[in-house]
Every structure is written in C-alpha cells, then in structure tokens.
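Since the structure of chain A is provided, determine the placement of chain B on it from the hints.
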Amino acid sequence: MKIELQELVHSYPSGDRALDGVNLTFEGQEPVAIIGQNGAGKTTLVKHLNGILRPSSGHVLIDGTDIETASTAKWSAKLGYIFQNPDDQLFLESVRKEFEFGPRQIGMGQEEIDRRMERVADLVGLTGKLDTHPFDLGPTDKKFCTIGAVLMMNTQVVIFDEPTCGQDKAGNERLGRIIAELGRQGRLCIAISHDMKFVSTNFSRVVLMCQGKVLLDGPKDQVFSQESVLKQAYVTPPPLTRVAQESGLDRPVFTVPAFIEAVKDAGQH
Amino acid sequence: MAKLCVADGSGNFLDRMNPLVKILGIFSFGLGALIWPDFSLGLVLLLVLFLLAAVAGILPSFSKLILGFGLPVSIMLLFIQGCYSPKNRVIIASWGFLHLGLEGTLYAAKIVSTLLVFLGAFYIVNKTTYTGRLVAALSGIGLPAKIGYLVLASLNVVPQMEHRIKVIRQAQSARGLETGGGLISRIKAYLPLLGPVVLSSLTDSQERGMTLETRGFGIKGVRQSSYVKVDWRKSDQLACWLLLVFFLLVLLASILSRTGIYPFTYDWGGGR
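Going down the list, the protein sequences come from chains A and B. Here our numbering is used: the first residue of the first sequence is 884, the next is one more, and so on. Here our numbering is used: the first residue of the second sequence is 703, the next is one more, and so on.
Okay, chain A solo, but in the shape it has when bound (with noise of 0.2 Å):
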C-alpha cells in the first residue's frame, strides 16, 4: 500500500498550524519511526493516515485515492491505529470481546476471527486472558490489549501513537517483536517515539520533524549522524550512538557488537 502526504497543512482553530507543508511517502513494508519534540506535529501527522483528521489544505492519498472520499471508519479496513491512551479505546468487558469488536465492524467472518484470535493473542501475550475485563489488566497488559484489537483487523497499514509510553524491558522487547513480524507479513508499520534507543533498535527509516515541517527523513543511520539537524529539532542520538560520535568513529552504530565492531576497524587503521 501506498500512502502520499502532498503539501499537508493543518490549522487548529486557534489558529496554531500543527502541520505546515509536509511531503512524504510511505510504501512497502520498512517500519517507519516518527521523531521530534512534543508539538513537532507527529500525532497530527499520523492522525491524516487514516482521516481521523482532515487536511486544512494539501492531500493525503491512499494508493491514489484522497483521504476526503470516505470516513474514518471506512478507512479503518485499511489502516490500523492505536491511539497512546489505553482507556480512550477500550470499553468492553473482555479482551475477547475487545479483539473481536474491530473485525466485526469491518465485517470479517466469525471463523477467521476465531483463527486470528489465537495468532494475535499470542502475539501480544494475552493467550490466557483473553476472558479478563480489560480495566483488571496492568497498564502494560491494558496497552497490548488495545494493540492486539486492532492488529485482530488485519490492516495493512498499522500506526502506533508513542508504543513505549510505560512499557517495561519486556513490553519494549515484545514491541519489537510485534513490529518485526508485521515486516515479515508484509505490512507497513508507523509509530510515533520518544525513546530513541527503541527508534534505533526496530525502526530502518527515520522522519525526522519539528516545528509543523519534516527535517529529515531517511535510513537510520543517516539521520541519526545528523548532529546539527537532531540538535535544532531537541532530539539527541540514542547514548551509544552519541559516543560512537563523540569519540569520532566513522559509521553511526546502535548496538553493542556494531560498537565494538567499529572501534576494532579504527583500531586497525
């Protein structure tokens, strides 16, 4: 699936423009991690993907069909999102319940529901509670319940609004896990992220924004070599890669043995 953001501009009513002018495309299946600080202008961005808002001006084209032709709920069918707040989303008295809710209202049979059920709730680790009232459930268990309803819908396009946001080391670890097999599926994942050691770890393409505009927006490691570029827009590399830098390696690395790779080719030279 193809999505175009064509000369995207969006105006709140005070007047505030969230969104000033922003081209980009989003195609295959590379999971796409979108920074900046709070009020760059993410979540209004990814808000247009599926017309949740609408453009003040500009376009937003869905394999070349404007966003505008139809409503939220009919976009749904293509294009998953997961809003930060759990207790925004949630509302029925079992997860089951909860998984189920999405696909129904898209239409999908009762027996494929059924067979994906245990896939997804695998997936985000619910299999034995998928009879819990979700308000019983911790925060972290709450977040991959609102994940696992919309990952039930089966969408090509899956956007998460801050995934990390109170995740603990596993939630983190199972995030990427959820992200990796949405690569392998072939579908596209969008999220937006504070946490750039998360970003580093699981995302290969960075959309660098600040201030309504898109600063950069490219592979990984091009972005996070940015210096100045990350610094005007208040984002700083994750701690490895900023000390790859700062002891003036000659590649961005994120992880460890990348690190230690790269210290023992400059060792060499």
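Quick caveat, the hints were computed from the structure, so don't treat them as lab data. Do not rely on the hints blindly, as some may be mistaken.
With a straight-line cut-off of 35 Å between C-alpha atoms, the simulated DSBU-like cross-links for lysine-lysine are [unchecked claim]:
1. K868(B) <-> K961(A)
2. K868(B) <-> K957(A)
3. K1147(A) <-> K1052(A)
4. K1025(A) <-> K1096(A)
Derived coverage of chain B by chain A (criterion: at least 3 residues anywhere in the stretch with Cβ under 8 Å from a Cβ of chain A; other residues may be distant) [what the hints assert, rightly or not]:
5. 873-879
6. 898-905
Calculated from the model, a selection of chain A residues having no Cβ within reach of chain B, i.e. all distances over 12 Å [claimed, not checked]:
7. R900
8. E913
9. T1010
10. G1021
11. L1098
12. E1110
13. R1125
14. D1133
15. R1134
Keep in mind the model is a prediction, meaning the values are calculated, not measured. Glycine is no exception: its CB is placed at the ideal position from the N, C-alpha and C atoms.
Same frame as chain A, but now just chain B:
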C-alpha cells in the same frame, strides 16, 4: 485542546471586574426582572446584556445562545400560557379552536424575559471569569477550600469531558465504528463511547483526589495562601453600590406598584 476560559483580569472591564460583583450582578438583574410587575424591565435588561456581551467581545455566541434557547422557549410558552392559561379573559386573537389570551401571553413574556436575563447574565459572567479567580474571590470571603475545589472542579468538568469524548470518538472510529451518518448509526455509536467516558472520568477523579492530598490539600490548622490574587478596586465598589441601588429601586417600585399605592407601570388591560 480543551478550551478553558482565558480571561485573567487583563482584558476589558468585565474581565477585570471582581467575580463577586459579577455574581451580585446576576442576582440583581435576574431578581429585578422577576419582581417587576411586567416583562418590560426584563426586556430592557436583556438589551443591556446584549450591550455587555458586545463589550466583552462574545456577541456572536451570546446571540446564538439567547436566540437558540429563547425562541423555542418563547414559542412553547406562548402556546401553552397564551392559549391555555386559566387566567385568560381578554382574547386578542383566535384561530378556530385556538384562542390566544392576553393574560397568558403577558405571563409567558414575563417568564421568558426573566429566564433569559438569568441565563444571559450567567453566560456572560461565566465567559468573562477565569474560574480560578472566582474561586479565589469566594475563598477570600470565607468559602472553605474544599467547597471552592468542588466549584472549580464542576465548572471545569464540562470542557474536560468534551475533550475526552472527542478523543474517544476518534479512537472508536479508528476501530471501524461509524460515528457519523444517520440517526440510528449515531445512537448505535453512542453506547461504546459512554463506557470509556464514565469509567475514565471516575478513575481521573480518584487520581486527582489522591494527588491533591499528596500536595497537602485539606491540611488542617494552616492558613493557605492563594495562588491567584483578586483585587477589590474602587470601580468594583462603585459597581457593587450601583447594582444594589438598582435592585432596591426596582424592589421599591414593584412594591408600590403591586400594592396599588402608585401603579406607574402600564396597565396591559388588567393583565398583571
């Protein structure tokens, strides 16, 4: 963003006015219109309120409220009272089985004008008063902090709920729930929204209560200092006196008129 009132005492004279004077204004105008023998004073006060709304720069929303609420209520009351009031004696118009009586019509006009004066005055005060200032002023004259918080919380809860409902509606439509469209789909869409709104506001208020306690709210034996300072200016004193004198004059005139000592208001064919 939730739209909270931004009036902080720096704008026009209504913003700057002490909230207590404004509350006095609501009662002085509203009760004045209520005790006056007929609807004329209410009508005049309504005009004054339109002027005040224009000064405060909220004329469009004010007019919308007064017309949007006032017109349907007037028509309804005119129909009920005008056609079916037991007080009706003088018939001023009749269409077949419907007879419009003068007494009932005047009574309807009286009720509507009084209601609109109360409503309009309250709306203007609400729109031009930062809730924090109102509560600070009330605490200044001895309102307990806990009651003050109740006032503050209940005035703030509406915009907060509005904001929440908007986000929840977005979240549900992103899950394939059609929230627009015809009446039936709207009603069907309403139920899934209700649960999260109520539940999350319950958990919210519980959390807020706990954070207030951790910050020493409700501590006993300590005189709390107020974060918001509300002055009592000379102009407030003047406005206060004017409102009181106005009300007393209306009261006096009404008593004189109603007891028949000096019936100076126009006699609408005995329709008082």
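Here is how each hint holds up against the structure:
no.	hint	in the structure
1	K868(B) <-> K961(A)	holds, 22 Å
2	K868(B) <-> K957(A)	holds, 18 Å
3	K1147(A) <-> K1052(A)	holds, 29 Å
4	K1025(A) <-> K1096(A)	holds, 33 Å
5	873-879	holds (count 7)
6	898-905	holds (count 4)
7	R900	holds, 15 Å
8	E913	holds, 23 Å
9	T1010	holds, 22 Å
10	G1021	holds, 14 Å
11	L1098	holds, 25 Å
12	E1110	holds, 33 Å
13	R1125	holds, 34 Å
14	D1133	holds, 44 Å
15	R1134	holds, 39 Å
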